[in-house]
Every structure is written in C-alpha cells, then in structure tokens.
Amino acid sequence: MAATFQWGEDNGTQTGSPTKGTTRTLDRAEQNWKNIDDSTTAYSSSPITAGNNSYEKWTFGKFTGTYNQILTGKWAHTAGTMGTGLTIKGVVGTAYTTPSTTANANLTTDMTSAIAIGSGAAVQFGATGPEATGKAASTTANPAYTEWLTHQLQTTGSANPGETDTATMTLQYLEN
Amino acid sequence: MKTKPIFCAHCQDTRDQEVKVVLEKKEIITTCPECKREIKFPYPITISEFEGLIAQHKTANEGHDVITPEKLAAQKVEEQAANDFLESL
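Chains D and F supply the protein sequences, listed in that same order. Per this note's numbering, residue 1 is the first one in the first sequence, and the count goes up by one each step. Per this note's numbering, residue 1001 is the first one in the second sequence, and the count goes up by one each step.
Rather than coming from a laboratory, the hints here were simulated on the basis of the structure. Misleading hints may appear alongside valid ones.
[Unchecked claim] Here are the simulated lysine-lysine pairs, DSSO-like style, with alpha carbons at most 30 angstroms apart:
hint, chain 1, residue 1, chain 2, residue 2
1, F, Lys1076, D, Lys74
2, F, Lys1002, F, Lys1020
3, F, Lys1020, F, Lys1058
4, F, Lys1058, D, Lys135
Work out the full structure: start from the sequences and follow the hints.
Laid out in structure tokens, this is it:
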C-alpha cells in the first residue's frame, strides 16, 4: 500500500485563524495562472494582460491512504521554459492572504527557470490543513498536508501574447 | 540607465541589473543584462527596504541547480544511452 497524493488549492477572501481561503478544492490536475481568483474559470477566459500579474495560487499537497510517515519534502519548477517578460515567483509556508494581482514581495523564490528538484525549496508537513501550525520535516498524521506552496506569474510589457509554455511544478517527498 | 548589483536566479550570479520604476503599476523592475530575466519589487519603498529585498532575493535563490539547455541535452543523451543498453540486452 502507499500514500495517495493530491494537489489542493484555496481561493477567496482569507478567513479563520490560522487563515485559509473561503473555498478549497482538491484533486487538482492544474494550477493555471489567471486574472481571476478561482479554480474553475478557464484560463483562456481570464487572461493576464502583459504588464500585469496573475492572482496568487495558494496550493498544497494532501496525503491519504496507507503510510507510516511522510517526510523530506522539496518543491520546485522542474520543467518548462518561460518566455520573455514572464517571471514565476513563489514561497513556501507563508500565511494565507486574500489572493491579489499585486506583485507579492513575500514570494521571494524566483521560480522562472526550471531547476533540479534536489535544489528546490524545503517543504514541511502536518495535520489538519496547509494553514495549521506545527508543521515539521516529517509527519505521521493521516491525512497529512504540506505547508502553503504559493506562486504567482508576474509579467512585464515585454511579454509576448498567447499562452505560456507549461510549467511543471514538482513536489518531491518520501514515504515509509 | 540606473543599475544595481542584483543576484540573478537563472545565471546564479550577481550582475549589474537595470532598474526601472513603473509608476502606474507601483513596481520596480530589474533586468539581468545576461539572460534578460526580470524581477519585480514593490514601489514605493525606501532604499534600505529595497536593499533588504535584494538581499532576501539572493538568500532565497542562491544555490539553485538550474536546468540549462546544455544540462537537459546531456540528460537526454544519458537517458538514450540507458535505453540503448536495455534494448541491447
């Protein structure tokens, strides 16, 4: 038996303490950068105009199924080439804030270039949800969640029209 | 053109990057002279706050093992060699 993994995403106004979004969707197959804060609108219906930024994507990983421990998390952009005027910024583990299109200075990691997952950002795990405190490098909680994995596409006026290349965002973890 | 030494996550080096302020967006945009990748910082901020964000940016991005086209090509050659080996068994 093994752990079952799924990507999740929160959207909407921050609520609660610790903060989280008003809407949570799981089993995500994509994390599209858009000019709208939701997980349902097609990216083609809410494109980002060159010079503007996407709404931040507040994503996380959820683990269920059969396992003893989840540990040693790494998160990175591992494949796909971003064109001129496109910058992916991200951060692990900051508190949820209502998504906006402002260039978020808390997103300190420049994820524009694909990197080897081994040099990705360290990710911690814990119970209850990505918003919960007490995350650690390993967890025996089931279900278990990662910290918030937040990213945003920032563009300048030099960005070309049309779709961006697909970026592969990888979460690597060990289970036993 | 104003420049400032800023670490580039793609080049993995500090270079004199062009610094522009885009008032209507309330953003500072810096451009690496080598790879042309851009970074946004919020504006208005003080010089010391800008320096702090630049330092934070370096700390967060130094040491990334960037997958360059050369590395990707070398990886594909290795994968092909491994496949060829298995095929020949």
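These are the hints, each one checked on the structure:
Only pairs whose Cα atoms come within 30 angstroms are accepted, and Lys1076 (chain F) paired with Lys74 (chain D) is accepted, the gap being roughly 23 angstroms. Taking the CA atoms of Lys1002 (chain F) and Lys1020 (chain F), the gap is near 7 angstroms; set against the 30 angstroms cutoff, the hint holds. A C-alpha spacing of about 19 angstroms is found between Lys1020 (chain F) and Lys1058 (chain F), which places the hinted pair at or below 30 angstroms, so the restraint holds. For the proposed pair Lys1058 (chain F) and Lys135 (chain D), the alpha carbon gap of about 25 angstroms is at most 30 angstroms, so the pair holds.
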